[in-house]
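**Student:** Could you put together the complete structure from these sequences and hints?
Chain residues, written in single-letter form:
Protein chains: 2
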Amino acid sequence: MSTIRMVSKLAGVSTATVSRALKNPELVATETRQKVMEAVRQSGYRPNQLAKNFSSGRSYNVVVLVPNVANPFFSRVIRGIEQEAQTKGYAILLGDTQGCIEREQEYARMGLTSQADGLIQLDRRFPFSDDDKALAAAVPFVNACERISSDATYPVVELDNRGAARAMGQYLLHCGHKDIAVITGPPDSPIVRDRLSGMQDALLAAGLGLTAERIVQGDFSMRSGFAAAEQLLQQNSLPDAIFSMNDEMAIGAMAALKAQDVRIPDDISVAGFDNIEFSAYTNPALTTIDQPAEAIGRQAMRALYQLMHQLPLPQSHLVLPYELIIRDSTQQKVHS
Amino acid sequence: MSTIRMVSKLAGVSTATVSRALKNPELVATETRQKVMEAVRQSGYRPNQLAKNFSSGRSYNVVVLVPNVANPFFSRVIRGIEQEAQTKGYAILLGDTQGCIEREQEYARMGLTSQADGLIQLDRRFPFSDDDKALAAAVPFVNACERISSDATYPVVELDNRGAARAMGQYLLHCGHKDIAVITGPPDSPIVRDRLSGMQDALLAAGLGLTAERIVQGDFSMRSGFAAAEQLLQQNSLPDAIFSMNDEMAIGAMAALKAQDVRIPDDISVAGFDNIEFSAYTNPALTTIDQPAEAIGRQAMRALYQLMHQLPLPQSHLVLPYELIIRDSTQQKVHS
DNA sequence: GTGAAAGCGCTAACAG
DNA sequence: CTGTTAGCGCTTTCAC
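Respectively, the protein sequence lines represent chains A and B.
Residues in the first sequence are numbered consecutively from 1, following UniProt numbering.
Residues in the second sequence are numbered consecutively from 1, following UniProt numbering.
Keep in mind the hints are simulated off the structure, nothing from the lab.
Careful, some of the hints might be misleading.
Same chains, same names: a pair is fine if it fits in one copy or spans any two.
[What the hints assert, rightly or not] Dumping the calculated SDA-like pairs for lysine to any residue here, alpha-carbon to alpha-carbon at most 20 angstroms:
1. K258 with N283
2. K178 with R124
3. K88 with C100
4. K258 with A285
5. K133 with R223
6. K258 with A280
**Tutor:** Laid out in structure tokens, this is it:
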């Protein structure tokens, strides 16, 4: 590995001149510049980015904390972050936390040790340990998808989850469904509560409600969606429709219903949330709420960039638009 | 941000002592150690990892090049890499290349500039630009999932793709299918060729073959699987079975078949490859080849670790076991 | 237009 | 057991 010193020797100039020739060629005489370039070529010199970063005090890395990369919704968000980061000269340090608090804290600490210049948290927890909390205030931090409940507030990029769930509720009601069941996520998640509130808004406005029995808890995995639907199937009657708080649980639920020969959408409507790519290809194709995952990622990265560079942040709470996607897993209720 | 110097002043010792008290406490007198620890506590000192890395000449970062993080198979491989990396003290720099050669080269260059200590390539291309090629020999590099065809050889972690496809072929033949169609990936991909060869092995052994018409090219996306199936539907007759080279294309194909009211598996069997989680939840559930994605990732990271630390590599070509997973999308042919 | 020198924060070799 | 010093590779004053 050749260093700037070797190049300077080869070219017969000082290291400062090499540095200038590469960074600000206009400050260097043409002839000198050519000597330097030739020396660079000969030696195969590549500036050591580690040294550059060290001396600038910036790593040009950003940690992205994600509960599970294998979740297609999150991986789309990450793609968005990554695209925006690359155009800005930043790289992504992937922090797949698997929901584990220790891993989360370990990654978050990178923000304190200059291994990363900022953090994007896609989960609902404030990722710093108690020990780090005080220092964490200095670390550029953005929250996306979820919303951390804490005293301190951070820029958030999210969806109008309540509005989206309300829209889905209104649509299902419009289909003639009155008995709607919901498969939720972890109840301490703000977005889960928002989506539940949204659905309740819609039902309430129609003079209906959600009984405790019809609220089944999942954990956003297909397996849990499957289990949730089985639970609903064991109840006295089948609901008219199931609203699942993400597409994967909806897909799990559809499999459970199909296993019991319940027809979708004839016997029951099923709707999801997120609009992952698979949802367009399920059988039947899944009605859902589209989240602009890549855009969420890009916006989160943009906000983080502003923070990292002490630039003004137009709005610290960004709400991106949802879209109701009607496919074949829901239909007008057939009154029997 | 407090530095080691501030701590040393606070504690009334030298920076070296602070460094020692933190790294090798046993080399420091108890009393001194306590003074240092107190100073650390008071100042909220966190060692600057950037400086540490710079001075050690190692970044403790590893670049993972992946064509598409949003592909669930790759994201599982990445999870495996990430798990293994974390236990070894390395972090993952995510290089989502989107199949774009420039992005690939940009990320690969990080290996030359000490931003990363090694690379794992999940795609089939040698990622360094021509300019960088000569220097690249010094960068620890591991190839997983795919196999780069080049003069130089690198550790590879992969599946017995040919054997797996052969097993699938034998199974489909065993079902009584004689007219088998294949949805491939990019034809210049070695694993695509392996899988094609494997299928041909099986057919040949049964005195059968694959006509050009029955080989339809996709690009591993659901959309392309959908299009491929449509293409097959336009041919004079329907094949007995479709073998898709990944699950996503199989899922796309199933959607296309269903749209034409072709029944699976009654009218046609469909099989995939990878065993992504969704495959267990499709309707009908997809027969496929299981690839141990996480294990592939872990092994790739382990090999890279050996390389980065100049440790011996037991075998530079690791072939991990596949498993035929028979579900409901394939069945014994009903002779009509 | 160019060189010398200091410094980024930390570790390690060497003295004492 | 602890302090001094040099050095990792690069950028950036400050002189000349």
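**Student:** Hints first: check each against the structure and report whether it holds.
**Tutor:** Right, here's what the structure says about each hint:
Within a single copy, K258 and N283 get their C-alpha atoms as close as 10 angstroms, and across copies as close as 8 angstroms, so both meet the 20 angstroms cut-off. Proximity of K178 to R124 under the C-alpha cut-off of 20 angstroms is found in neither arrangement, the shortest distances being 32 angstroms within a copy and 53 angstroms between copies. With identical chains, the CA atoms of K88 and C100 are at most 20 angstroms apart between copies only, with a shortest distance of 18 angstroms across copies and 30 angstroms within one. Proximity of K258 and A285 under a CA criterion of 20 angstroms is satisfied in both settings, with 14 angstroms inside one chain copy and 11 angstroms between copies.
When the C-alpha separation of K133 and R223 is checked against a cutoff of 20 angstroms, the pair qualifies neither within a copy, at 35 angstroms, nor between copies, at 46 angstroms. Taking CA atoms no more than 20 angstroms apart as the test, K258 paired with A280 passes in both settings, with 18 angstroms inside one copy and 13 angstroms between copies.
This entry does not satisfy hints 2 and 5, going by the numbered hints stated previously.
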